[in-house]
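Novice: What follows is each chain in one-letter form.
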Amino acid sequence: MSTFTTRSDGRIHVHILPHTRFRTKDLMIRLHTPLVRDTVTAMSLLPYMWMNGTKTHPSTRDLQIAADDLYGSVIRTSLGKRAGYHVFEAAASIPDVSRLTADDVVAQAADLVCQVLLDHAAGHGAFSDEAVAQEIDLHRRRIEAARDDKMGFALQRCMAEVAEDSPAALPRLGFIDELGDLTSDKLYRTYESVFQASEVHAYLVGPFENAHALAEKLIRELGRVFPSDSSRTAFRVEPLSREARAEFQTVTEHQDVAQAQLDMGYRTGVNFADENYPSLLMMNGVFGGFAHSKLFLNVREKHSLAYSVWSHHDGMTGALAVMTGIDPKNYDQARQIIDQQLSAIQAGDVSDEEINFTFRGLQNQYTVLLDQPAALANWHYNGVLSGKERDIEDMLKALQSVTKEDIVQAAQAVQPHTIYFLTGEGDAS
Amino acid sequence: MTNETRGRRDAVGIEIVEKRLDNGLSVYLAPRPGFQQTFAMFATKYGSIDNEFIRDGKRTRVPDGIAHFLEHKMFEDEEQEVFSRFAEHGASVNAFTTFDETAYYFSGTSDLQENINTLLNFVQKIYLTDENVDKEKGIIAQEIRMGDDNPDRKVFMDLLSAMYESHPVRIDIAGSVESIYKIDRETLLECYHTFYHPSNMILVIAGGFDAREVMGWIEENQAAKSFGPPPTIERVYPEEPTTPKATHLESKLPVASPRCLIGWKEKALPEENVDLMRQELLTGIVLDALFGKTSEFYSELLKEGLIDKGFSWEYELTSQYGYTVVGGNAPKPGELAKRVETYVAKMKDNGIDEDAFERARKKALGRFIMSLDQVSYVARSYTSYRLRGVDFLQTVEVLDSLTLNEANKRLGEHLSKEQMVVSTVVPKSAS
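So the sequence lines, in the order shown, correspond to chains A and B.
Okay, so the first sequence: first residue is 1 according to full-length UniProt numbering, each after it adds one.
Okay, so the second sequence: first residue is 1 according to full-length UniProt numbering, each after it adds one.
Here chain B stands alone, though its shape is the one from the complex:
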């Protein structure tokens, strides 16, 4: 066993015990004394964007939505239903797929060793038949249909497909009803054996347990299994222009309330992992200062009826793609987009107010502290940051080091007119 560090404490008092096992699996344990619950997350660095790859020299393009399809199929087992196996030990299990991650997790308050073993075992074993693959298509088709009725999802996916010309982040994570019907057992197996090797996965557990004991169980479980050498994986992503593909996209849906999202495509993709968190937190503070509920702009828009209280911002950043999204329900989408554009231009000239910057930073700090009370949040955030090579617990340190100058610089470079995209969903009856 290598690379063990113990007792590292961050500024807010959480200890992380980490270890990389011989088979390549990275394990991170966050014991929280006094907690009843344990939340464990077993994740692979494999998401919907990984639809083309070269494994051991062989290049493969797979149907859209396959990572998500595989996530569904992992719950299949010859002997006992996976759900039942967790139920037997009082835990609930679930999973999700994002653009760049597939994660399986359970939450439980007892029988921790059994549940950890079950989690590791069901994800590290695959049972596929042509029949059970076909059966899943009906279920996933209904999941996609459910999304089709969701205007918030539609307006968001439209935004990304307008922003990105060829990068698969523009494609819905679940794929389409057409693409999932092209998925077969063999391709699922190939994806599984490519991306579910322990060296491409991490296990993060947070909650009320003894770290030494839990690490022992994990090592024992892993030592009893053999995995081949890690495959060499080259992920193939298409060449993506820096500027957006389109400036506007409008869809019509049978909705009561129009939606409008205004986005900026990130041009500064981080080279180093440590830059990623810094850029993410800094951009968050810029956006909160500009568009948060304490901004004058928000009050004006609300007063004029251009937004409602669900108006919000979001920033997402990986080494592959990044974007800012601002918006929500908007009775007059065109007008809202124009106002945002003018306002951003003005703010770039005037600069962010120092009080607004400090307030946003203080708020981010307080919200981070409160978030640590939820072991599920800690495990989820720790996992997705770690898969991007970042330590979530550095949040306080990074927040403390941000400056107003940097924030203004970020505002200037990121929220530029040529990177801006507008996506709207309008009621079907509207012209």
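The following block holds chain A by itself, in its conformation from the complex:
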């Protein structure tokens, strides 16, 4: 069920996963391109621009009307970041309304997605001066508003520190002070450069009547703007190196907040492609990935220091982060307890029960993916980006064979990097 078949032409790849169990058909076209300091801001605007109109549907409203007329098909673009790459997406989620209408809703929605991605020209839709001015203003507000989500903001700041001096440290949304320099011409040139620079992966997941014919059509359409280039090598993600620090650096920032955010960032050197990835996932599960994990039991349940406390491993950069919201006066105690939990694992304090619960928890998370076809595409894409495609069944077998020694070893390889502390204006520390 989780096996994709792929049709490729040059750097365009279409991955197909047909199934008939669900009523949603997902079409996603993803482009990834390396993050570069000089172009990160202009690049980050593009997916938002695309929804401002195309030659065929010259305004956002025209586009939305076309989408809503297709029984509320969700046509969307998004901007992602995976380690040192920007990931652009144009996508559609299409309800299966074959019982309600004879119209070819899928073909129309696919056309719409292709238009959103490809059908622009200077002066039309997305790249009119007016639309560009509007989007620059919105983007400024978007960057500013990201500061209002304290938890997300703190994590992003922590991860940027952990990725210091690498492209992965660049902000997904770019830099606010560079927005003023952007013009419609400049953006349009940036847009064209995406066609030269990106690797393209499209996904067709769901009860498509003829997925292979649609795949061929996509390859033809995309091939017109993404010229084949046999000399280029695939863009693959590397984890952050493990050299680094013997001890944490501490970065403290102040905002007027009611709750302080304490984030601790580590490097592991292990990402999705690494043979130790399953061990690290198990280690993260014992440490702080679940409600049965050491962090939850000790920071929250035993000492009542936090409502929320988790650890998260980034499968692309290999960075690991602990996130928690605390009363600032409990900083030392919380930090000490978090340190102790990691040290405990490193010293071999891992019970059979913790291993078993963590395996069962991960097994559940991965098995659930089989009911969420769009999420399966994400899983597959992680494999594409990191250069190692993993099958879910194989992954489960690998997780099951992880031993206590593997977990301890994975924990011992975790290296401290940055403590990021966001606290109130008047608080010390």
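One or more hints might be untrue.
As the list claims (entries may be wrong) - Per the computed footprint, the stretches of chain B lying under chain A, defined by three or more beta-carbons under 8 Å from a beta-carbon of chain A, are:
| no. | region |
| --- | --- |
| 1 | 34-45 |
| 2 | 85-93 |
| 3 | 105-115 |
| 4 | 302-309 |
| 5 | 370-376 |
Source of the hints: derived by calculation from the structure; they are not laboratory data.
Glycine is no exception: its CB is placed at the ideal position from the N, C-alpha and C atoms.
With chain A's structure known, arrange chain B on it following the hints.
Specialist: Using the frame of chain A, we list chain B on its own:
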């Protein structure tokens, strides 16, 4: 066992097997062949608004936030951590409290019988000590603090507190740091024994299982337990005026982006359950036609920089309270509110365009169909509708029957100037 119906199919092909057990518990099973996951939800009709009640003749007023506090405490157990018990069987468990519901749920892909038993058992047993009640206060205080830093939550709660004069829907679901420190073991126990009787609860399970087998497990689990007779509960809600308490409320927070919500307090609270879904879907279509991304108004506001792409609408309706909310990030909140007011007045005169109405209806239908692919969504929606006496699977039927005339009538009666309230959160530095 009584009231079993089997094989009822709605327009989109989901079967619901339902049964009311001898102890009063209502069970709804939605088998979805081919799904790996099972999502089970055990919910009580008890939320943050139930802060005053008469049980078997005795009247009690409890501290704000107690339903949510109780939700936290249900996870406490003498023997094994509840989280661990689910973890052992590969499931993840969680819970939430709303204004009118407390729900416990797990999602799992194996050991279904054990997980269902664990869900039923931990919610149907309470273990409280003075110590474990006190311990929870620190955790919940941090949860409340987390909310204090969230401007979207602040602007929303301000809106409700401006709209409602005395109805407890105006109070934050978690209560306040002060109110939770007034909560003690005895009061928690009283609330538990009042609202967690099976006759006040429902169990909804959706996913890849055999309904007959699962119903058998549930019956077996319930038959082994004894519950007293259901308490007579009278929920006491204060007299609430039809019109809003205030027209404006402004708060200052250290935010980068101002927020503005414009709301209308519902005066037409449904008498019959079947009216509830009809009114809810109809109002949704009116709001989508007026404020959705396909409306000219949305494009204008965006072009003028008065909103961003997060601008959205929401409608909530129960037999106790109801409200429409429109808004989001807004650099000039005052101007946005004025524009919305003028626009609504104009739309009431002109009426909703027929194409816009049909498009919104078609969209609602497609979105409903897609939502059925998520068993968690099906179980959640089915539960909250059912607790309000409505069958979620009637959505298609009701959507099909709505008319443009009704929509225009709804627009006229609901979005009236005297029911309108504006809530803003502005940056602390702004005057």
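Novice: Each hint needs a verdict: does it hold in this structure or not?
Specialist: Here is what the structure says about each hint:
For the region 34-45 of chain B, the stated coverage by chain A holds: 4 residues have a C-beta nearer than 8 Å to a C-beta of that chain, and at least 3 were required. Coverage of the region 85-93 of chain B by chain A holds [criterion: at least 3 residues with CB-CB distance below 8 Å; count 7]. Counting residues of the region 105-115 of chain B whose CB lies closer than 8 Å to any CB of chain A gives 4, so the stated coverage by that chain holds, three being the minimum. With 5 residues carrying a beta carbon less than 8 Å from a beta carbon of chain A, the region 302-309 of chain B meets the three-residue requirement, and the given coverage holds.
For a cut-off of 8 Å, the count of residues in the region 370-376 of chain B with a CB near a CB of chain A stands at 5, and the three-residue condition holds.
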